[in-house]
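Residue numbers (full-length UniProt numbering), protein chains in the order written: chain A, 1 to 189; chain B, 1 to 199.
You may find that some hints are simply not true.
[Stated by the list, open to error] To give an idea of the interface, some chain A residues facing chain B are shown, with a C-beta separation under 7 Å as derived from the structure:
1) Ala2
2) Lys3
3) Leu5
4) Arg32
5) Trp45
6) Asp71
7) Ala82
8) Gly84
9) Gly86
10) Asn110
11) Thr130
12) Pro131
13) Ile161
Just so you know, the hints here were simulated from the structure itself, not pulled from any lab data. Bear in mind the structure is a predicted one, so any value in this text is a computation, not a measurement. For every residue, glycine included, the Cβ atom is placed at its ideal position computed from N, Cα and C.
If you want the building blocks of each chain, they are given just below.
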Amino acid sequence: MAKLLYAILVGLVGAAIVHIAVILTIPHVAERDAWGRLSGLGDLWKVIQIDGATGTVAGVREGPEHFAFLDPAFAIASCRFALGDGPAHLYSPEKTDFWSASVYDRQGNNRYSISDRSAVGGAFDLIVGTPDQLLESRVNSADQDETQIPVEADFSEGYVILRALIEHESERASVNAFSRSMHCEPLNG
Amino acid sequence: MRFVLLLVIALAIAFGLGGWSAEQALDAKAGGGSVTVGVWMADPDAGSPDADPYAKALLARTGNLTLGIGEGISFHAAHDAAGAPLSRSCAYRLSGSTPLARVWSLAAYDARGRLVSPGAGRPGWLVSSTLMRHEDNSFEVAVSPRARAGNWLSVSGEGRFTLVLTLYDTPASSTTGLGRLQLPDIVRETCIEEGRGRG
Chain A
1 MAKLLYAILV GLVGAAIVHI AVILTIPHVA ERDAWGRLSG LGDLWKVIQI
51 DGATGTVAGV REGPEHFAFL DPAFAIASCR FALGDGPAHL YSPEKTDFWS
101 ASVYDRQGNN RYSISDRSAV GGAFDLIVGT PDQLLESRVN SADQDETQIP
151 VEADFSEGYV ILRALIEHES ERASVNAFSR SMHCEPLNG
Chain B
1 MRFVLLLVIA LAIAFGLGGW SAEQALDAKA GGGSVTVGVW MADPDAGSPD
51 ADPYAKALLA RTGNLTLGIG EGISFHAAHD AAGAPLSRSC AYRLSGSTPL
101 ARVWSLAAYD ARGRLVSPGA GRPGWLVSST LMRHEDNSFE VAVSPRARAG
151 NWLSVSGEGR FTLVLTLYDT PASSTTGLGR LQLPDIVRET CIEEGRGRG
């Protein structure tokens with residue numbers, strides 16, 4: 001009897017360990033996290049456009065819903081980038097009234113956010129790189145684009161989400177044009 | 001032989017209970033938020049590097065495109081002021097005001113996070129800048145399967161829904177300001193009886 005109680009006790013301690021291990025492991029093994037879902041929709045550097053109202057992705061046939069709780073009032077553009085070969089240049093040559101963007105690492109941790117109001121001249125134009133890469137790109141670039149905002153990264157892979165507000169239905173075409181014009185490129189590529 | 005049996009018992013408890021309790025903890029986390037304002041709940045830490053391990057595990061499982069801390073904050077409400085679940089066959093009145101924000105949006109979703117269909121040609125979401133307001137900047141919104149004058153968010157179909165109010169570019173998303181927020185009340189008005197008299 002004492003041995004059975006002992007076994008149960010060992011089991012309970014083990015359950016606590018398993019519980020903690022499961023919770024801590026999920027973010028590293030999950031395949032249906034945001035990174036995994038974006039991977040299924042396009043390669044690295046490929047800009048993916050998501051319609052907030054319908055949840056559909058441009059150029060992808062309707063399948064199981066890709067993302068939950070999308071804001072229908074927004075057009076969303078996203079891409080995945082890697083910093084192995086230099087910094088990433090994320091920008092959009094078009095303009096729109098209200099946009100908001102966030103940079104995430106591969107695990108989905110939000111590392112940087114910006115909106116049109118805090119951007120230079122309202123332009124979406126980010127250089128994401130490690131501190132060394134940013135320093136190097138600044139030294140090497142002769143004509144410094146004044147709207148570029150350097151974003152320091154201590155991670156090697158990540159993704160960006162750019163949200164643009166469609167205030168009235170009549171603006172949908174121009175906001176979609178802004179969203180479509182997002183570029184994701186290796187800076188020196 | 002007895003030792004093997006005891007070992008099996010211990011292992012079964014460890015993996016069975018450990019796995020089950022992790023699942024339960026995530027489900028409980030999914031149904032709640034770390035900040036509650038009236039009927040509204042928010043998880044301002046979701047997606048932040050400082051989020052607790054449960055929030056990180058939940059996010060990895062749902063794959064939501066979270067808003068960054070500086071971008072804004074989403075409030076979810078699945079119940080009315082009386083504590084009853086929101087039903088698509090009922091009309092609700094939202095009244096009050098929101099914290100200062102450059103833009104906010106209001107939309108209805110099903111339990112899996114898909115937008116509730118508003119019905120053809122009907123408004124399925126509202127944006128703050130196009131809203132009609134009282135002189136003191138407060139507002140009323142009707143959430144109803146039937147057409148309403150004024151600010152109207154249409155819902156259709158049957159079953160429950162969740163209202164999501166998302167504030168963009170707002171000082172409210174800094175965690176210090178969350179306790180004193182003002183968000184609209186959700187009061188149920190009339191309900192259409194399920195299965196008849198709809199339209």
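Report task. Under 7 Å, Cβ to Cβ, is where isoleucine 161 of chain A needs to be relative to chain B, so tell me if that hint holds or is violated. Result -> holds, 5 Å
Requested in this report: Let me know if the C-beta of lysine 3 of chain A comes in closer than 7 Å to any C-beta of chain B, holds or violated.
Outcome: It holds, given that the least Cβ distance between lysine 3 of chain A and chain B is near 6 Å, below 7 Å.
Query raised in the report: Can tryptophan 45 of chain A be said to touch chain B, with a Cβ gap under 7 Å?
Result: With a closest approach of 18 Å, the tryptophan 45 of chain A hint is violated.
Requested in this report: Go through the hint on arginine 32 of chain A and say holds or violated, using the shortest Cβ distance to chain B against 7 Å.
Outcome: holds, 5 Å
Report task. Return the status of the interface hint for leucine 5 of chain A: holds when the least beta-carbon distance to chain B is below 7 Å, violated otherwise. Result -> Since the shortest Cβ distance to chain B is 10 Å, the answer is violated.
Query raised in the report: Does the CB of alanine 82 of chain A sit less than 7 Å away from some CB of chain B?
Result: With Cβ-Cβ at 19 Å, over 7 Å, it is violated.
Query raised in the report: Does asparagine 110 of chain A meet its interface restraint, that is, does its C-beta lie within less than 7 Å of any C-beta in chain B?
Result: Check passed: Cβ of asparagine 110 of chain A comes within 4 Å of chain B, closer than 7 Å.
Query - Agreement of hint proline 131 of chain A with chain B interface, Cβ distance less than 7 Å - result: violated, 17 Å
Query raised in the report: Was the hint right that glycine 84 of chain A lines chain B, CB cutoff 7 Å?
Result: violated, 21 Å
Query raised in the report: Going by Cβ atoms only, is threonine 130 of chain A closer than 7 Å to chain B?
Result: violated, 17 Å
Query raised in the report: Are alanine 2 of chain A and chain B close enough, Cβ to Cβ, to be under 7 Å, as the hint says?
Result: Violated - the Cβ of alanine 2 of chain A stays beyond 7 Å from chain B, reaching only about 11 Å at its closest.
Query - Closest C-beta approach of aspartate 71 of chain A to chain B relative to 7 Å, hint status - result: Hint on aspartate 71 of chain A: holds, closest Cβ of chain B at ~6 Å, below 7 Å.
The structure does not agree with the numbered hints 1, 3, 5, 7, 8, 9, 11, 12 stated previously, though it agrees with the rest.
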